[in-house]
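Take the sequence shown: its position 153, counting from 1, is numbered 153 in this note's numbering, and each next residue is one higher.
The hints are simulated quantities; they were obtained by calculation from the structure and are not laboratory data.
The structure presented is a predicted model; accordingly, all values stated were derived computationally and were not measured.
Fair warning: there could be bad hints in the mix.
Straight-line distance between alpha carbons at most 27 Å, and here's what the computed DSS-like set of lysine-lysine pairs gives [stated by the list, open to error]:
(1) 380 x 356
(2) 172 x 148
(3) 148 x 183
(4) 284 x 304
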Amino acid sequence: MPSYDENDIVEVKNREQRKKKFIKFIIFVLIATIAAGLYFSRDMWLDKIRGIGRQYNTIINSGTLAEGNFPIEINGEYSYQLRQTQNKFIILSDIHIFFYNADGTLMRKRQHAYTNAVLQADNGRALIYENGGNDFSIENEEGIIYKKNFDNNIRFARISPEGYSAVVTTSKNYECEMFIYDKKGNTIYERKCMERVNDLSFTDNSEGCVISWLKAENGLLTTSVQQIYFSESEARWTSAGLNTAGLDLFGYDDGAFVLGFDACGYINGTGQISSYYRYDGELKGGASIGGKSAVIINNDDRRKYVMALFTGNNTEPLIIDLGQKAVDVAVYDGLAYVMCKEEIRAYDFNGVLRSKAVISDSYSGFVRSSEYIFLKGYNKIDRIDYES
């Protein structure tokens, strides 16, 4: 029988303790690694985990048309634009601009002299300009806040949620010129552009913006995006060309979303193309707020009508089969609203149908407010209550 002295027994015990400590250390490292991996990939799984065990009952709105001041008739003026901002809606027709509150009460009306008038609205204000004209105005239901006049023609103008405005004009010596104004109409930034800018979107609480332009690359029309901060003389980054003719640009703090003629995609916060999606059909519309985007596509040949939902950079689209023609789309308060031929629906960005309402097929578009949906008809505007 082997014998052990006291030192041998102590050494065995020490080895067992070291082994236990080592195993505990390995377990701690594994747990820490898993926790770190879950933390840095939280954007991929957190929303899904939040949805577990939480069931939404689809809200069925009646779709009953409001009475009283509605419908609002647009008599004798066959082309009009409709915008909503801060619990009021604004109508720009060929001849007039109207400010209404949500109850349909007319707050202000004035006649304008623009031939090709364009309306933008945000921050409770309307931005009105003439495409190809020389001046624009910022106004609300109380009157004109300020006006600007230019030597060159206006190509387009934009207004931000903070009330800042941007105007891009033609130029004699450059492709175009850009002017940025604060909410009081003071000039805070000017730029002579070597590129023919076709869209602009404010970012970072109007401290900067992203701009886009078209160019030809290898026989294809592409869209490049550039980020600008108004306190800096040089651009932060310029992206490579996205393979589509960009129609609308939507900026947000982590980059930009490009809505193109036959495809769309994201540019991330370092100027890299982070995702790309080509449509299987004809683009009908798109919207994006805070990086969440919705695009509607009609394919009449295949009788396929879909909405593609994107939650931001590096995400694949979630495809919703609508089952009927898509007419218009909006993103509001974290939901994607789509008008189909006979129905309005609201989906969350996990693809869950949250609410819907039956409508007639006579409407060509809509705008969403906190309590209502305003329906755009041929020569009238209706309103329905809508709970999401």
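>> Hints numbered earlier in the text: which of these fail when held up against the supplied structure?
In response: The structure breaks none of the hints.
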